[in-house]
Structures are given as C-alpha cells and as structure tokens.
Amino acid sequence: MQSLTLEINGARVRSDVEARTLLVDVIRREGRLTGTHVGCDTSQCGACMVLVDGEQVKACTMLALEAEGAHITTIEGLAGADGRLSRMQRAFRKYHALQCGFCTPGMIISATALLQRNPSPSEAEIRHHLEGNICRCTGYHNIVRAIRGAADLTDPLDDSAELETLHV
Amino acid sequence: MYDFEFVRPVSLADALTALEDEDAMPLAGGQTLLPSLKARLVAPSKLVSLAQIPELHGIQRVGADHVRLGAATRHADVASGLSVLYPALAILAGGIGDPAVRNRGTIGGSLANNDPAACYPAGLLGSDATVHTNLRDLPSDSFFDGLFTTVLDPGEIITAVTFRLPVTSHYLKFRQLASGFALVGVFYARYNDHLRVAVTGAGEGGVFRWAEAEKALAEGGPDALAEIGAPRETMLSDLHAFAEYRAALVAELTARCSRAAEQR
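Protein sequences appear in the order of chains A and B. For the first sequence, my numbering gives the first residue as 1, with consecutive numbering after it. For the second sequence, my numbering gives the first residue as 1001, with consecutive numbering after it.
Bear in mind the hints are in silico, worked out from the structure with no lab data behind them. Watch out, some of these pointers could steer you wrong.
As the list claims (entries may be wrong) - Think about it this way: if two alpha-carbon atoms lie no more than 20 angstroms apart in a straight line, the pair counts; the simulated SDA-like pairs of lysine to any residue are:
#1 K1038/B <-> R29/A
#2 K1038/B <-> T42/A
#3 K1046/B <-> V17/A
#4 K1215/B <-> I1228/B
Could you put the whole structure together from the sequences, leaning on the hints where they help?
This is the structure we're talking about:
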C-alpha cells in the first residue's frame, strides 16, 4: 500500500492504495462520489471522465498514484456552493440531453472542458470533441444542442424557459 | 490487473536506476499500457512513471530547421504547440484517440510501443527525425523493428525526439471507426534534398516508407503517382480490411496527402 493525497472537488482526500488502484476507484470508493461512472473500463466510453488539474481524463485509464497532489473535478463539483447547477448542467436539462443518464456525467465533463478551451465551438468541433464519449441511448443530437445552448450566452437557460420547453 | 510496485521518480537518473530491476516497465501516459495491464497482457513487477521528470518535458525550437520534443510531451501539447511550426505533426497528434487520450498519451510512449496502427510511427518515419535515448541517438529510419517492436534495449528509454522541419508536409488517416486507430495513415513530407512517404496501419511488418511513391512524387509530383498504382509492399489483411483494400487506400491517401501538402 502506498499513501496518496489528492483534492477532489476542493476536499482533501488521503488514502492508502495499492499501486494498481485506478483513479476512478479512489473517486468512487474513498471520495464516495459515485457520479463518475465506470462504463466500459477499457478507455472507450468516457463515462468516467473527470478533470485532472482542469484537463479531461478518463479516470479508468489513470493510476490513482499518478494523480498524487492533483486537483480533481467530478460531476459533483460543477454545481455552485449554493447547489445551483452549472451552465452546462442546466443546458443538458433544458435541451433534454439525457435519456438513461449513464453517460451524462462524462458528457458534461467533456463539454465543460471543451468550452473552457473553445467558448463558441462549431457543431463539427463539438462532435469531434465528443469522440471519446459514447451514449448508449444514442442521444447525440440533443447533447450537441445542449452544448451549443451552453455556449450561446444569450440563452438564459432559466427555469421559465425550461418549463416552456418541457410543456411543448 | 495484477498488482505491482510503483515509483514516480523526479529525475532521469533515478528512473533509469528503478528500471534496472528485471520485469520493471516504464509508464508514460498509460493509454495503451493500462488497458494492457487490465487485460493481463503484461504483468510488470514494477512500473516507473516518467511523468514527473523535467528532462523529458518541453518543446524547443533548435536552430532554424529543427524542433525537439521531450518524450513526455503529450499529444494535446503537440496538437496545440506545433500548429504553426510543424502543422502536419500537429494534425497527426490532434487526431489521435480522443481529447482525454490526448491529455495523457505521449510521443515517447507511442513510439516505444510501435502499434502497427498508431499514427506517430508514420510521423516519425515520414520525417527526417532523430530519436534520443539515454544511451544514443537513432535516426528515424532505423528505429522501428517490426510489429510492436523497436530497436530500444531493455531499460533504455526515449528522452526526446528531434524533427527536421520539412518544406511542406501533411498527414491523412482513414480511421477504423470503432477504435479510431489508422486503418491506413499516410504521412508526406518534402525536404529540400529528399521526400518521404510513410505509411501506418497497412504494412504487414508495421510502419514503412513507400519507396516507389517517394521516387514518383519526387520526379513527377502528385500526378505521377497514378502510374505506379497501389503499393507492392506486403499489406496487412484482417477482419477490418483485406489487403487489396488497404493497398488501394494507401495509394489514394498518398495522392490526397501529397496534393494537400503541395497546395499548402
């Protein structure tokens, strides 16, 4: 066992882990944060996507000990301290960008990372960026719409707009 | 995966010492090694992380015609950092895997692994490049040694790669849709004194230079390619594509790649 210290969503996590422990297992077991999913466990589906020092990484394909000292952001860390959802999370809700929801945490993390680097991506850039995220419901169209909505700062994504959409 | 010892040295000397153990393996970005460990295809006694070694990092311009990349330079860094200096290599790096893979995977890791469908082997062989290791300097033409094999000795690690910048160049990949790896990838680079066409994904023995195409392109430009037809090198044939299909793709991609480079 080796000692590991990292920060997950601003909280310090200290743990003794086997060398073979994956980052995603520390997040889920030690951090008790189960929003980061394990889908394929073979680095293809992107359900385990998290931000490591601000950059998206598949947490099933990184050893926990490689994240020593790193700042990890998971889906649970995107909402504000007051519980208000992030702009991307609200966009996913407004545009119905999820069906079963399994891929959603990874999709939102990827989309968040994309807009940090490229605040107004084209549809082609969005689709290229989502290469490593697989939606088993094949709900890609609304996911792309949601990311465009999050990037469109004139879209308030507010509650009234959401209700209107829901009742159409 | 089986457990192993794990060390994360902060100097090249310490990493090399740690690698002296029998069955120790270096860990670069781990984007191939971790899936291999999970599948128990490899079972090292010790993994030596190369992530925290300053000597292995950084992109440096060397003189007017060269650029040196530390072995731990990630695909994402090449994609963003070389878009002006060596756009073909930036395109190649920006098309590997997906954004998460590009944030972890490194040039040294990819070259040392020499996956026959990986992109970087074409970028290296298609460039007049030198692989630097802790022991020696290897020209790109003598680095690869068959599928998943290079001339690197046990315990020898890549420290950096120096690319000579071509006059013009391009990279095109025909993706295998499920994996994103190259079903066929072609790297074209023209220098003042010679021209290179390197093909990945297609050769039975891994990445290769297509000599007939180089000769035809040097003498007659992209239009001369039609006369030599598809390559005669031994093509891979598997469930993804028959040999004839791969050969046709190599010819077509080489034509498109050279035209794109020459119009740049």
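Structure versus earlier hints, numbers of those that do not hold, lowest first: none
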